[in-house]
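There are 4 protein chains.
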Amino acid sequence: MKQISTAILGATGYTGSELIRLISSHPQLNIVHLGAHSQAGKPAGEVLPGLGDELANMPLLASDAAFADDVELVFTALPHGAAANSVKKALDAGCRVVDLSADFRHQSASTYSEAYGQVHPFPELLNEAVFGLSEYARARISKTRLVANPGCYPTCTLLPLLPLLKAGVIDTSHIIADAKSGTSGAGRSAKTDLLYCEVNEGVRAYGLPRHRHAWEMEEWGKAFSGSSLTVQFVPHILPMTRGMLVTLHLSGENPESWHDLLTTAYANEPFVRVLAKDVMPSSKGVNGSNRCDIGMSVTGKNSAVVVACIDNLIKGAAGQAVQNANIMLGFDETLGLSLQAMWP
Amino acid sequence: MKQISTAILGATGYTGSELIRLISSHPQLNIVHLGAHSQAGKPAGEVLPGLGDELANMPLLASDAAFADDVELVFTALPHGAAANSVKKALDAGCRVVDLSADFRHQSASTYSEAYGQVHPFPELLNEAVFGLSEYARARISKTRLVANPGCYPTCTLLPLLPLLKAGVIDTSHIIADAKSGTSGAGRSAKTDLLYCEVNEGVRAYGLPRHRHAWEMEEWGKAFSGSSLTVQFVPHILPMTRGMLVTLHLSGENPESWHDLLTTAYANEPFVRVLAKDVMPSSKGVNGSNRCDIGMSVTGKNSAVVVACIDNLIKGAAGQAVQNANIMLGFDETLGLSLQAMWP
Amino acid sequence: MKQISTAILGATGYTGSELIRLISSHPQLNIVHLGAHSQAGKPAGEVLPGLGDELANMPLLASDAAFADDVELVFTALPHGAAANSVKKALDAGCRVVDLSADFRHQSASTYSEAYGQVHPFPELLNEAVFGLSEYARARISKTRLVANPGCYPTCTLLPLLPLLKAGVIDTSHIIADAKSGTSGAGRSAKTDLLYCEVNEGVRAYGLPRHRHAWEMEEWGKAFSGSSLTVQFVPHILPMTRGMLVTLHLSGENPESWHDLLTTAYANEPFVRVLAKDVMPSSKGVNGSNRCDIGMSVTGKNSAVVVACIDNLIKGAAGQAVQNANIMLGFDETLGLSLQAMWP
Amino acid sequence: MKQISTAILGATGYTGSELIRLISSHPQLNIVHLGAHSQAGKPAGEVLPGLGDELANMPLLASDAAFADDVELVFTALPHGAAANSVKKALDAGCRVVDLSADFRHQSASTYSEAYGQVHPFPELLNEAVFGLSEYARARISKTRLVANPGCYPTCTLLPLLPLLKAGVIDTSHIIADAKSGTSGAGRSAKTDLLYCEVNEGVRAYGLPRHRHAWEMEEWGKAFSGSSLTVQFVPHILPMTRGMLVTLHLSGENPESWHDLLTTAYANEPFVRVLAKDVMPSSKGVNGSNRCDIGMSVTGKNSAVVVACIDNLIKGAAGQAVQNANIMLGFDETLGLSLQAMWP
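Going line by line, the protein sequences match chains D, S, A and W.
For what it's worth, my numbering labels the leading residue of the first sequence as 1, then goes sequentially.
For what it's worth, my numbering labels the leading residue of the second sequence as 1, then goes sequentially.
For what it's worth, my numbering labels the leading residue of the third sequence as 1, then goes sequentially.
For what it's worth, my numbering labels the leading residue of the fourth sequence as 1, then goes sequentially.
It is worth saying that the hints were derived from the structure and are not from the lab.
Keep in mind that the hints are not guaranteed to be accurate.
Covered stretches of chain A (in silico footprint by chain W; criterion: 3 or more residues with CB under 8 Å from a CB of chain W, positions within the stretch not fixed) [as the list claims (entries may be wrong)]:
id	stretch
1	37-44
2	195-201
3	239-252
Calculated cross-link-like contacts (lysine to any residue; reagent style SDA-like; alpha-carbon spacing at most 25 Å) [to be verified]:
id	chain 1	residue 1	chain 2	residue 2
4	D	Lys301	D	Glu256
5	S	Lys89	S	Ser5
6	A	Lys2	D	Gln28
7	W	Lys166	A	Thr334
8	A	Lys2	D	Ser25
9	W	Lys277	W	Leu208
10	D	Lys301	S	Pro209
11	W	Lys301	A	Ser303
12	A	Lys301	W	Leu229
13	A	Lys2	A	His174
14	D	Lys301	D	Ser227
15	D	Lys277	A	Gly45
16	A	Lys2	D	Lys89
17	S	Lys166	S	Asn127
18	D	Lys277	A	Val32
19	W	Lys191	D	Ser227
20	D	Lys2	A	Lys277
21	A	Lys277	D	Met58
22	S	Lys191	A	Pro59
23	D	Lys277	S	Pro209
24	S	Lys42	W	Lys166
25	A	Lys301	A	Val279
26	W	Lys191	A	Thr334
27	S	Lys2	S	Ser38
28	D	Lys89	D	Arg145
29	A	Lys301	W	Leu208
30	D	Lys166	D	Val279
Yeah, the Cβ is synthetic: ideal placement off N, Cα and C, and Gly gets one too.
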C-alpha cells in the first residue's frame, strides 16, 4: 500500500503524543520526522514515556528541520501564533498540512485578532484554509492543501447543534453551551494551576466572560447552517485527563421532534452516534475512540437538553486531524481510527 | 459547658460519617448513640475506617434503639421514606431533630408525592418542619423542634440565586442551573455505576428530564423571594469524591449591578463569600469547610454567569445540619464548623 | 485474509471489554459471539458503553449458546470455578481456547485446591493446558488447544525475575515482590469497597498473609528457570483504573551485572523493554499497550531494586491472551497489539 | 486562655497551607504573620484559595519581616537550605521554632552534607535541635527552643519499626521499606512531571538508588533503639493528593509475637493505633487526621509484613509540627489536632 511520508511538529505535547500513537498504527501514513523545537536532539522516548521502541529512538528535530524534501504531509500541533510560520513553510515546501492550532480557523484576520489578540501573519492563507469539521466539510477538505482542524470545544458543540440549527427549530439568540473538559486540553506546560494537587478533587469554570472558542462556534455554526447564533459558552476544567462533555441548554419549537433530526442527520456517520431518547452519554464511553456520542432529553414544552461527548485529544484534536488527512488524501475516512473506546 | 446528648441515625453512610467527624469536635454536642440498622452490633470503626479510637469502639445500634431517654438531639441521615418514621419516633420521644433526608423538605404532601413518587406518611408534620437553608430561615429554625435540612443541590443553587431573585432583576421564566457534583452525593450503596472504574475519567449528566431537587429549588426559591421561578436543573456526576459546583446561566436587566447585590446580601455571613468580579471559585477551595464561595461574570448586555461552590457533604449536608442545630439550640452559629478548607 | 471466528465469554467484565476492543481491530480475528450469562438478551452496548455501533448492537448470549458450530476460537474471561465448565464445553466442541481465569494455570489439582480452596473439576485437562507466559512458552503454545493465560501479577513479576532466576544470581529464599495495581484488577462486581469514594485518595495492602498469585509465581518461576524460589508477594490497590507496577527487592551476587542479563534476555522481544540503568518506568507509560517496561537500580553491594510495569488489562490479561492466540494460530505475534501506550 | 503569637514561613506551599488550617482552629495558637517571600504583598487568599475570610485577607510578608518583636513561635516550612537562615534569625529574635525542613534533622553536619549535597551553614545549632518524632522525644522537645520536624517517610517508617527494633527481634541488616505517597509530598512547584495529566492513572518509583530520607531513618532508628540498621527505602508517587503508606518487609525471630510488641508500645498513644492482626489499614482512613494506623500480618516462619499509614501533610508534616509545638509549650499534646479522618 502506498505510504505517505508524514511529519509531526509539536510532537511532545499531549496532542502531538496522540498524533504519534494514531499515525503509528495507520496503514498508509508513515512517520518520518518528529519536530519539537525545545527538545531537539533528544530521542523522542525520553520526553514521551509511552512510545514503543522504534519511535522511542527517533530523534526529535528542530521544527524547521522537520519537513525536508521527503515529507508529503505535515501535522502541526503547535501553539497558536507559532503554528502559522511552520504552516507557511510546510506549504511552501509543497506539503499538505493539517494544522491543529487556531491560526487558520477563522475566515477573516479581524475575527482572529479579536479572539486571539494578535495580528495574523498570513491573512492571504485564510481563504485557502478549510475548517475541518469533517462531517460538514468533506468536499472542500478533499480539495485543499491546508486543513484548519477545529478546536475541541467547537467540535463537541457544533456536532450536536448543527442539525438543529439547520432545521431552524431552536432559538438562536441565546444558546447555552456548558462544557466540561479533562485537563489534557490545557496542554503540557508546567503551570501551578495544572499541578495534580490543584486539579484533583476540584472543578472550576474558566475563560469567562468569553472564551476564544465562542468566536469559532458562532462563525462556523452560521457558516454551516446559514443562520446567525449567539453562544454563551462556559468551559469547566475537571479532574480527569481525557474526555469532554458539552451540555446544551436549548429553547425552541416542538423539542419532541428534535431527536429525529439528530438521528437522521447522523444515521450514516461512522463517528457520530445518537443514543436513544433520554439516554445520556458518558465522556468515559468515548475515551480512546474518535466517536462523538449524543444524547437528548426534552425538559419542557419549549426546552431540551442535548449532551455530546468526545475524547478531547481524539475527535477533539488528533483523531479528527487523521480523519481530515484521510479525506484530503482520498483514503477511507475511518482508516487508523478506532470506533471502540478504551473502557474502563 | 453544657453538653447536648446527640444521636446520629444512618451513621455509616457518607453523610453520617461526616456528621460524626464534625460533631466529635463540636464543643457542646456529645455523641451518645450511633444508629445503623443493617450493621447493628458491630463497632463503628469496623464500618467507618476513618474513626479514631473511642468512636471506633462505639457499638452501632439498631435505629429504634438509638434514641433512648437520654438523647436530646437526633440527626437522621437515612434514605427518604425510611427517615420519616425515625423522625416521628424521635419527636415523640421528645427529641429535637435535624432530618437530612428529603422527607420534610416540602410544604405539601402532594409536592412530596410528585417529586418522590410515594405518599407522605406524616403530612401533619410538614407544617411544623422548617426548611433549614440557614441564612434564610434563622428565626423559624430557632423556634422549631424539626429542621428539614436542604438538599445539596438546592443549597448550592439557592444561595447564589436568592439575592437576585429578591431584587427582581432576573428573568425567572427559564433559569438554567447546570450542576457538577462529586460522587459521594450518590451515597454509599454498592451499585455498578458507582464503582471506581466506572466513575474515574468520566463525566455524565443524570436525573433528566427532571431531577427531584428541581421541585425543592422552585418551592423555596419562591418562598424566600416571593417570586415564582422555573429552573432547568441538570446535574452531572464527576470523578471526585467531594465537592459541588453550580453554574447559573441567567438573563435579566443590567447584570453589571448584580455583583453588588450578591456582595451586599452576604457581607455579614460567616459561611458565604462572594469573590471579586470575574474571579471564579473552585470546588476544591471549599472542600472540608462549611463555606459557599460565589463568583460571577457578566457575559452580555443582558446575561451573566453566577457560579457557586460547596462541599456537598458539609454545607450541602452535615455542616449545614450542625449550623442548624447551633441555631436551634441558641449556640453561636459557627460552633464546630470550619471556615478553612482542606487544601490541597 | 483468513478470518478466525471468535467467541468471547464473560464479555461484559473489564477483561471481556478489553478483549472486545483488541479483537475488534485484529485483522484476522472476527467476533461472532459475545457471552454474558447474567445479561443474556441485551444488546452488548447497553452494558458496555464504550462499544461502537456494530458491536454495540450484537446481542449478548448465554454462555452455553456462545460456541456454536461456527466458532473456532474461544476466549473465556469468567471467574475461576465457572470458567472450567465453559472451557471443557468449548474444547469438546472442537474450539481452541484461551482461558483467562485461574482454572488451568496450575500443573497439579492439589496446588489449585491449595490456592483456590476448591476441588478441580477436570484435573485431566491440567497436563494439556499450557501456561501462556508468551515469552517463555512459545513452542508449547503453538501446539496446544488450551492456553491458561497467566495472572496479571505473575506476568508482571516473572518477566523481570526470570532472566535473573535463570542466571542463578539472586538469593531465591526470600524474594520480595511489592505490587501496586489499578482497581480494574478487582473486577466489575458491585462491592462497597470498590466504590469510587472508597478507592479514591487511598492506598491499601490486601490479600495477606498469602495471595493466590504467590503459588502461580513460585510454580512457574521454578518451571521456567529450574530453581525453586520463595516469593513474599504483597499486592496493593491504588486509585487508578489501569496499570500495574511490581517492585522487586532482590539480594544476590554482583548486582551491577544484572542489568546486562535483563537487556540481553529481552533484546529481541517486541513487548518487553528494559530501560537504561537507574531509569524507572511509570505504569502510565504502558497503559493501552501490550508492553512490559522494566527498570533497575543497584541499591547496595548485594542488593538491587527491579521494577516492572504493565497495563493489567492488556499484557496482564486481554493483550497477552491475544498474543497467545496469535502464537497458537501461527500468526505474527504482534498482530492487533499496540506497542504505543495511550499517553496521557 | 493564653494565646501564643505565631508566624508561619513558607505559608503558601502545601505544608504551609496545612499549618494555617490547623493553627487557625488551635485554641492557644494565634497566627500573626504569614511569610511567603516570592508572593510578598499579596493577600494570602489570592494564593491559597481554601482560606476563609480573615486569613484570606492577611497580607503575605517577605520572610524576614515575618518575625517581628511580637512573635513567640515560628513554623518554617521552607525548602532545605533556605530554611536554615530563617531558623537562625528566628532563634536570634528569641522565638521558639519548629522547622519542617530537613536542615536540622541530622546530628552531624557531615551526614547532612552526604544526604543533601551541601555544606551546613550553622553546624553549631545541630546539637541543640531536637528531632521531633513526638512519641519518642517528648522530654527533649519540652526543653528545647528548636524542633527539627521529621520527614514524612521517616515518620511513617519509624513508628511501626521502632517497637520491633527496640525489642531486638528483627534482622536489622536488610530492612525493606516500600513506600507509597500522595503527590502533595512533592511540593507545589510547577514541574512538568507533577502535572495532573502526568500523575493521574500512573505510579512510579523514584529517588533510587538512595533517597535522602534513608539517612534520616537509619540515624534515628539507631538513636531511638540503640541498634544499627540498614534500610532499603524505595518511595513511589501515587495518583492521590494526600496519604502515605509504608510497607515494611521484615525478617526475624518469632514474628507471631510482634503484634503484641506493637500493641503494647502504642497502647496509650493518642495518635498511633495498632489494628487487629491481619487487618490492613488504608491511607484513606487517616486523611485529615494526625493518626498513624498500623497493621501487620505474619507471612512466614521468620517473616512478616508491617504496614503503616499517615496523612503525609499532617502526621507527616504540619500535624506533627503542631503536636511538637504543644509539647514544647506545655500544652495538652492533642490540642488542635483531629483524631477523626475526613472519610470519604
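Distance restraint between Lys301/D and Glu256/D, which requires alpha-carbon spacing of 25 Å or less: holds (8 Å)
Lys166/W paired with Thr334/A [C-alpha distance capped at 25 Å]: violated (55 Å)
Under the criterion that the straight-line Cα-Cα distance not exceed 25 Å, is the pair Lys301/A, Leu208/W satisfied? holds (15 Å)
Given the hint that Lys2/D pairs with Lys277/A, test it: the Cα-Cα distance must not exceed 25 Å. violated (40 Å)
Holds or violated: are the alpha carbons of Lys166/S and Asn127/S at most 25 Å from each other? holds (24 Å)
Are Lys89/S and Ser5/S close enough, with their CA atoms no more than 25 Å apart? The hint holds at about 17 Å.
Pairwise hint evaluation, Ser227/D against Lys301/D, where the allowed Cα distance is 25 Å at most: It holds: about 23 Å lies between the C-alpha atoms, which stays within 25 Å.
Per-stretch coverage check for the stretch 195-201 of chain A, three Cβ contacts closer than 8 Å to chain W: holds (count 4)
Between Lys277/D and Pro209/S, does the CA-CA distance stay at or below 25 Å? holds (10 Å)
Next pair to validate is Lys2/S with Ser38/S; report whether the Cα-Cα distance is within 25 Å. violated (33 Å)
For the pair we were handed, Lys277/A and Met58/D, check the Cα-Cα distance against 25 Å. holds (20 Å)
With the threshold set at 25 Å, check whether the alpha-carbon distance from Lys301/W to Ser303/A stays at or below it. Distance ~23 Å between Lys301/W and Ser303/A Cα, so the pair holds.
In the structure shown, a violation is registered for the earlier hints numbered 1, 7, 9, 13, 16, 18, 19, 20, 24, 26 and 27, in ascending order.
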